[in-house]
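Participant: Turn these sequences into a full structure, and let the hints guide you.
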Amino acid sequence: DVKVTQSSRYLVKRTGEKVFLECVQDMDHENMFWYRQDPGLGLRLIYFSYDVKMKEKGDIPEGYSVSREKKERFSLILESASTNQTSMYLCASSIHGTIYFGEGSWLTVV
Amino acid sequence: DAKTTQPTSMDCAEGRAANLPCNHSTISGNEYVYWYRQIHSQGPQYIIHGLKNNETNEMASLIITEDRKSSTLILPHATLRDTAVYYCIALLDTGANSKLTFGKGITLSVRP
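For the protein sequence lines, the chains are A and B, in the order given.
Per the numbering used here: the first sequence = residues 9 to 118.
Per the numbering used here: the second sequence = residues 29 to 140.
If you're looking for bench data, these hints aren't it; they were derived computationally from the structure.
Going by beta-carbon spacing under 10 Å, a handful of chain A positions derived as facing chain B:
| no. | residue |
| --- | --- |
| 1 | Phe41 |
| 2 | Leu49 |
| 3 | Phe56 |
| 4 | Ser102 |
| 5 | Gly105 |
| 6 | Gly112 |
| 7 | Trp114 |
Each residue gets a CB set at the ideal place from its N, CA and C atoms; glycine is no exception.
Facilitator: As structure tokens, this is what we get:
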């Protein structure tokens, strides 16, 4: 079975903290993605990567960065968390057009 | 990637067929229509995809119009567990899918 694993299901962080959200996939996929999801706004793409050490901005990259040092791992970094980054974050990987999502990480910034 | 449009919401009775429409009038010839669904508080799940021909799997059927400008996802016997947000997207079925973006999807409510 395909598997995309997000390291933390629920996190609470303070404003200004640096936050790491980790994602690992075990399917040897080249493409990986980070989305955030907020009520009424659907899924919005933050960053994606189509190869190791490669990254591309999505629709809402401001306030975020990413790291892809190994093919199976794609990390989302909030350099200085703010309350407007409270959201559910979804990692995904894909082969061709079939996308596999993780279960999501619920981040609350207080 | 072609833009898709879907109604905001719909409902259907349990046991009846749910027909979820999607418009993709700007779809290009080599873009596939993909459907995903997201049950509350879970990550989205792949359902089905197709290019020109109608497709069926254990979860659903996909009907694509001849001009490929619209499609319909059919859940033949909807259950309460099918209540979810359904996303229709148009993608190139190659290894070069880059910016995968989703719209707001359609919220399906299955009533007892």
